[in-house]
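K.L.:
Please model the entire structure based on the sequences and the hints provided.
Line by line, the protein sequences give chains X and C. Numbered per my numbering, the first sequence spans residues 1 to 537. Numbered per my numbering, the second sequence spans residues 1 to 244.
Incorrect hints may have been included.
Claimed, not checked - In silico negatives: residues of chain X with every beta carbon more than 12 Å from chain C:
#1 55
#2 76
#3 116
#4 137
#5 140
#6 141
#7 157
#8 174
#9 181
#10 239
#11 266
#12 308
#13 377
#14 383
#15 461
#16 473
What the hints assert, rightly or not - List of simulated lysine-lysine pairs, DSBU-like, C-alpha gap at most 30 Å:
#17 X/92 with X/77
#18 X/191 with X/310
#19 C/39 with X/310
#20 C/127 with C/231
#21 X/16 with X/78
#22 X/533 with X/485
#23 C/21 with C/39
#24 X/491 with C/127
#25 X/310 with C/231
#26 X/533 with X/397
#27 C/127 with X/239
#28 X/310 with C/229
#29 X/533 with X/427
#30 X/397 with X/485
#31 X/92 with X/78
FYI, nobody ran anything at the bench for these hints, they're computed from the structure. Computed from a predicted structure; not experimentally measured. For each residue, glycine too, the CB sits at the ideal point set by N, CA and C.
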Amino acid sequence: MNIDDIDELAQKHRDKYAGIETEVRVCMATSCQSSGAPLVFEALTGAQKAQGPGTCRVKGVGCMGLCSAGPMVAVAKKDEPPELEVLYREVKPEDAADILASVGGAPVARIHFPTDAPFFTRQQRIVRENTGIIDPESFTGYVAVGGYRSMVQTLTEMTPGAVVAEVTTSGLRGRGGGGYPTGLKWSTIAKMPVGQKYVICNADEGDPGAFMDRAILESDPHRVLEGMAIAAYAIGANKGYVYLRAEYPLAVERVETAIRKAKRAGFLGNHICETQFNFDVEIRLGAGAFVCGEETALMASIEGNRGQPKPRPPYPAESGLWGYPTLINNVETFANITSIIRNGGEWYAGIGTERSKGAKVFALAGAISNIGLIEVPMGITLREIIEEIGGGIPNGKAFKAVQTGGPSGGCIPAQHLDIPVDYDSLKTLGTIMGSGGMIVMDETSDMVDVARYFMEFCMTESCGKCVPCRTGTQQMHGLLDTIAKGQGTHKDLALLEELCEVVQATSLCGLGQTAPNPVLSTLRFFRDEYEQKLIAE
Amino acid sequence: MPPLAATPASVRVVTLNIDGKDYSARADETIIEVCRENKIPIPSLCYLDGLSIWAGCRLCLVEMAGQSRLFAACSTQVTEGMTVSTNTERLQRYRRTIVELLFAERSHVCSVCVSNGHCELQFMAQKCGVDHVRVPYRQVRNQVDSSHEAFRLDHNRCILCTRCVRVCDEIEGAHTWDVMGRGSDCQVITDLARPWGESDTCTGCGKCVQVCPTGALVKQGTSAGEMVKDKHFLPILARRRHAQ
Ligand SMILES: Cc1cc2nc3c(=O)[nH]c(=O)nc-3n(C[C@H](O)[C@H](O)[C@H](O)COP(=O)(O)O)c2cc1C
Ligand code: SF4
Ligand code: SF4
Ligand code: SF4
Ligand code: FES
Ligand code: FES
Numbered sequence: 001m002n003i004d005d006i007d008e009l010a011q012k013h014r015d016k017y018a019g020i021e022t023e024v025r026v027c028m029a030t031s032c033q034s035s036g037a038p039l040v041f042e043a044l045t046g047a048q049k050a051q052g053p054g055t056c057r058v059k060g061v062g063c064m065g066l067c068s069a070g071p072m073v074a075v076a077k078k079d080e081p082p083e084l085e086v087l088y089r090e091v092k093p094e095d096a097a098d099i100l101a102s103v104g105g106a107p108v109a110r111i112h113f114p115t116d117a118p119f120f121t122r123q124q125r126i127v128r129e130n131t132g133i134i135d136p137e138s139f140t141g142y143v144a145v146g147g148y149r150s151m152v153q154t155l156t157e158m159t160p161g162a163v164v165a166e167v168t169t170s171g172l173r174g175r176g177g178g179g180y181p182t183g184l185k186w187s188t189i190a191k192m193p194v195g196q197k198y199v200i201c202n203a204d205e206g207d208p209g210a211f212m213d214r215a216i217l218e219s220d221p222h223r224v225l226e227g228m229a230i231a232a233y234a235i236g237a238n239k240g241y242v243y244l245r246a247e248y249p250l251a252v253e254r255v256e257t258a259i260r261k262a263k264r265a266g267f268l269g270n271h272i273c274e275t276q277f278n279f280d281v282e283i284r285l286g287a288g289a290f291v292c293g294e295e296t297a298l299m300a301s302i303e304g305n306r307g308q309p310k311p312r313p314p315y316p317a318e319s320g321l322w323g324y325p326t327l328i329n330n331v332e333t334f335a336n337i338t339s340i341i342r343n344g345g346e347w348y349a350g351i352g353t354e355r356s357k358g359a360k361v362f363a364l365a366g367a368i369s370n371i372g373l374i375e376v377p378m379g380i381t382l383r384e385i386i387e388e389i390g391g392g393i394p395n396g397k398a399f400k401a402v403q404t405g406g407p408s409g410g411c412i413p414a415q416h417l418d419i420p421v422d423y424d425s426l427k428t429l430g431t432i433m434g435s436g437g438m439i440v441m442d443e444t445s446d447m448v449d450v451a452r453y454f455m456e457f458c459m460t461e462s463c464g465k466c467v468p469c470r471t472g473t474q475q476m477h478g479l480l481d482t483i484a485k486g487q488g489t490h491k492d493l494a495l496l497e498e499l500c501e502v503v504q505a506t507s508l509c510g511l512g513q514t515a516p517n518p519v520l521s522t523l524r525f526f527r528d529e530y531e532q533k534l535i536a537e
Numbered sequence: 001m002p003p004l005a006a007t008p009a010s011v012r013v014v015t016l017n018i019d020g021k022d023y024s025a026r027a028d029e030t031i032i033e034v035c036r037e038n039k040i041p042i043p044s045l046c047y048l049d050g051l052s053i054w055a056g057c058r059l060c061l062v063e064m065a066g067q068s069r070l071f072a073a074c075s076t077q078v079t080e081g082m083t084v085s086t087n088t089e090r091l092q093r094y095r096r097t098i099v100e101l102l103f104a105e106r107s108h109v110c111s112v113c114v115s116n117g118h119c120e121l122q123f124m125a126q127k128c129g130v131d132h133v134r135v136p137y138r139q140v141r142n143q144v145d146s147s148h149e150a151f152r153l154d155h156n157r158c159i160l161c162t163r164c165v166r167v168c169d170e171i172e173g174a175h176t177w178d179v180m181g182r183g184s185d186c187q188v189i190t191d192l193a194r195p196w197g198e199s200d201t202c203t204g205c206g207k208c209v210q211v212c213p214t215g216a217l218v219k220q221g222t223s224a225g226e227m228v229k230d231k232h233f234l235p236i237l238a239r240r241r242h243a244q
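P.N.:
Shown next as structure tokens:
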């Protein structure tokens, strides 16, 4: 199979729906499903059947981003950009007839959600380009929008070295939290001697409040598989694992379906698209321990051992799964690859800032009007994200801080809201980009309490292997608790700060090394809140 | 006749600098091995010559020139030109805190412990200059398992170094021990968390008792200060195994 063949295949699939002009898209991702989307879908298909065959098609799609306003339904002319669609929020099965009747006319006002708001216009959709548009359970639906074209192109027209070079040019950095240059990682493993190598997709997503990866896997699973296959070709691997947490049953089901359908179509497995390239993918379920997102613990878990980190070096690139060179990337990292191959590394490098390229998906949560998922270009300011895209703080409250990077990150107060969102700027403020969780806090938040909450998370998620993390997080949590209850002394605060330093410097893995960050960061910007709570010795 | 051309050695020899002095070492050695060989003291609790590396106690951390992060001497291989500091003021402070954290985690009342005077944790406290503990004691009562006819396990003294787990698996081949739980709830267990005395896998060899650094694993019938351990069998046994 070559590029022309896949283009022809895509055209064939488009022709099948040539008579359709309008699509009524129902979000069938986790959040909307739990607020009743399946019933809405049934009602819409029922009403549409009653109308008889026409130019309108009801279809289940992935997450549209406004998860807290679900069930979401969009009515769109086929092939129109998502900004032009008519969007409905909190749709009930009773609205089905009205929605279908409104096609081509005025929107149903009572449930209409205007799409000219900054929430839609300010986004830049790269990994989410198909999300909310295609049916995630359909293999042909993915091919019809140009899916697997990048893979066919790499297999038939590019050398592995050229693929690595393209990814390096793009400037893509890992989206799992660390921001390690993806091209550099790929080239290291590509340079390891020929032999058994593995590709792992890290879909463990353990940060509280983060659900970016879940949405990608539920909405466009083939995209991630395609990224993995391209990576496997580039580094010389023939086997891949998607390490997915078992708490994401819908994502598991969709990825399983995607793997099965891709295999049946010859897009995974042996002799992919009639080339010499073999690549097989399996799912491994994680039991939901946060530390199993850490790469060495994750690999121990895949090997069937206790999910506990090991000292690095050796890095997975050299000695990973069962001791073989292993590439491990995050879901969103893999999801960027097909766009980079299609449009070129230069194109990608043109988006974002000097050292942080492309766009990033964030999960907005907490005290913000538009709770949900957004994809924005790197370099956008926090103010734009919170005040414009997020719609500001609800209930007339004032903004206080925003936490990025979850339990490994820190908070950013109002005076720094104009900072551009990129890996390096966030670091200067003592926080990290992280995987994309963004928790907004209003004036009613107590920052000592925030620090205590994250410390409790780290304390219970510590794997217990190393002393500073296992016992240090517990001691820090105890001290934070004492201070929060108004029983702490200046000596307690000094001890807390010292433990922060020790745990950060001496812990074995990233969990312990970053566990003090929320404390250090709240101390940096809100020290007075700690001091007000202290009592004299 | 010229001699046959030498086959290149499979491991290189490197030179490194530790605390201002130069040493030579094989490139497959770790920093702690080179230190032990040259009598440079480095505190350690989980490391034991002859067992696999665990890197959990973090007492052996050292500073390395040109690197801001610290490295565990037990799990870091030497490289050519490496410059290591093993005993800076900062390291001493961290080590003291780690030992304090261990003392506060469970109950270590040395005066009544059978290992009093022969305990590596106690010894480490002296070596690191820990004369008092600043963090609050947790004061949780843990179980004692006396079900084994010859040995006793007292979780109150366990520091979770996993030496017992490793020696039983790697040297004795029984794999009786494992770790259960997360964070400070971690516990060493025998078989599937059944009483030790009911274990079908334990051969009663006593290796775990001998390598345990504290009074967590002891012989039955010992009283305060009586439990003296012997670890000398281990390196010899481990080397013999590897030589085979
Ligand atoms: C405690 C801990 C938890 C982590 N959890 C995740 C996770 O849930 N998902 C993820 O992609 N990376 C996670 N990481 C980062 C991974 O170790 C690894 O760096 C990442 O998967 C590499 O992929 P990337 O280069 O594409 O970012 C975690 C790291 C630590 C220390
Ligand atoms: S830092 Fe925490 S999670 Fe990481 S190895 Fe140590 S105890 Fe386990
Ligand atoms: S006595 Fe021997 S076999 Fe039994 S648990 Fe200890 S090391 Fe393992
Ligand atoms: S019982 Fe002894 S050897 Fe085993 S983990 Fe505890 S302290 Fe270490
Ligand atoms: S789950 Fe439906 S919009 Fe996100
Ligand atoms: S001896 Fe190196 S970490 Fe315990």
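K.L.:
What are the numbers of the hints the structure violates, in ascending order?
P.N.:
12, 15, 16 and 27
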